[in-house]
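A.B. asks: Sequence:
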Amino acid sequence: MSDAPIRSTGEISARRFLHLATLFEGSLVLVAYVIGWLGGVDPWADLRFDALGWLYGLAATLPLFLASHACYRQAQSFEPMRQVKDFLIERMGPVLDGCRGHELVYLGLLAGVTEEVLFRGVIQPLMESGMGSWPGLIASNLLFALVHAVTPLYAVLAGLTGTYLGLSLDLGGERNLLIPILIHACYDMLAFRMVVRSYREARGRRF
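For the sequence shown, the working numbering gives the first residue as -6, with consecutive numbering after it.
These aren't lab readings, by the way, just hints derived from the structure by calculation.
Bear in mind the structure is a predicted one, so any value in this text is a computation, not a measurement.
Just so it is clear, CB atoms sit at the ideal spot from N, CA and C, and this is done for glycine as well.
Hints may be right or wrong, so weigh each one.
Here are the in silico distance ranges between beta carbons for each label pair [stated by the list, open to error]: (1) ALA52 x ARG186: 15 to 23 Å; (2) ASP35 x GLY125: 27 to 35 Å; (3) HIS62 x ARG93: 30 to 38 Å; (4) ASP43 x VAL140: 26 to 34 Å; (5) ALA38 x ALA195: 42 to 50 Å; (6) ARG75 x SER122: 35 to 43 Å; (7) ALA60 x VAL27: 28 to 36 Å.
Please construct the entire structure, taking both the sequences and the accompanying hints into account.
C.D. replies: Here you go:
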């Protein structure tokens, strides 16, 4: 059986999802500008396209994905994790399966750029300036967890992931927004492929 995306029945929903994702995620940049303007923070102030930023961003994706993959593979032995996996396969699987490879890359880049500009480019610096570095890091990622709270465990995992991304800002000693953007984008691309694979395997189709 072909491993190409099946778009005859899922094409409309996949395209609609891409459009909605673009509108929603794109609106986060507008939110970042508004909050940044109110708080006196330039969302792009710490973005630098230097070699170390690329290196740290790509390298730091691996441990995050390996940890996530290990949890995902052991989901059947831990009920809350099974609920997360079921949600991803049942709710996201059909839509992501209707997307082509370049569209999954686009979705990963979209989320990586927009969410990191908002949370690591604006919200975290604002909270750090008002509360201190560690309280600001924690508070900003409690908010990050809250907006990802599709299940209680998913919220916890999102909060931990957000903290990892927040800490990655300062890898190498000088703050660079490129690092969490790369980690988030690359991680999402890999995670989307993992969900599509599970969705197809559950239906007896080749990945």
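A.B. asks: Against each hint, give a clear statement of whether it holds in the structure.
C.D. replies: Each hint, compared with the structure:
1. ALA52 x ARG186: 15 to 23 Å: For ALA52 and ARG186 the Cβ distance comes to about 19 Å; the hint holds.
2. ASP35 x GLY125: 27 to 35 Å: 21 Å, violated
3. HIS62 x ARG93: 30 to 38 Å: Since the Cβ atoms of HIS62 and ARG93 sit about 23 Å apart, the hinted range of 30 to 38 Å is violated.
4. ASP43 x VAL140: 26 to 34 Å: 30 Å, holds
5. ALA38 x ALA195: 42 to 50 Å: Taking Cβ atoms as reference, ALA38 and ALA195 lie about 45 Å apart, which means the hint holds.
6. ARG75 x SER122: 35 to 43 Å: The hinted range 35 to 43 Å holds for ARG75 and SER122, with Cβ atoms some 40 Å apart.
7. ALA60 x VAL27: 28 to 36 Å: Given about 34 Å between the Cβ atoms, the range holds.
When each numbered hint is compared with the structure, violations occur for hints 2 and 3.
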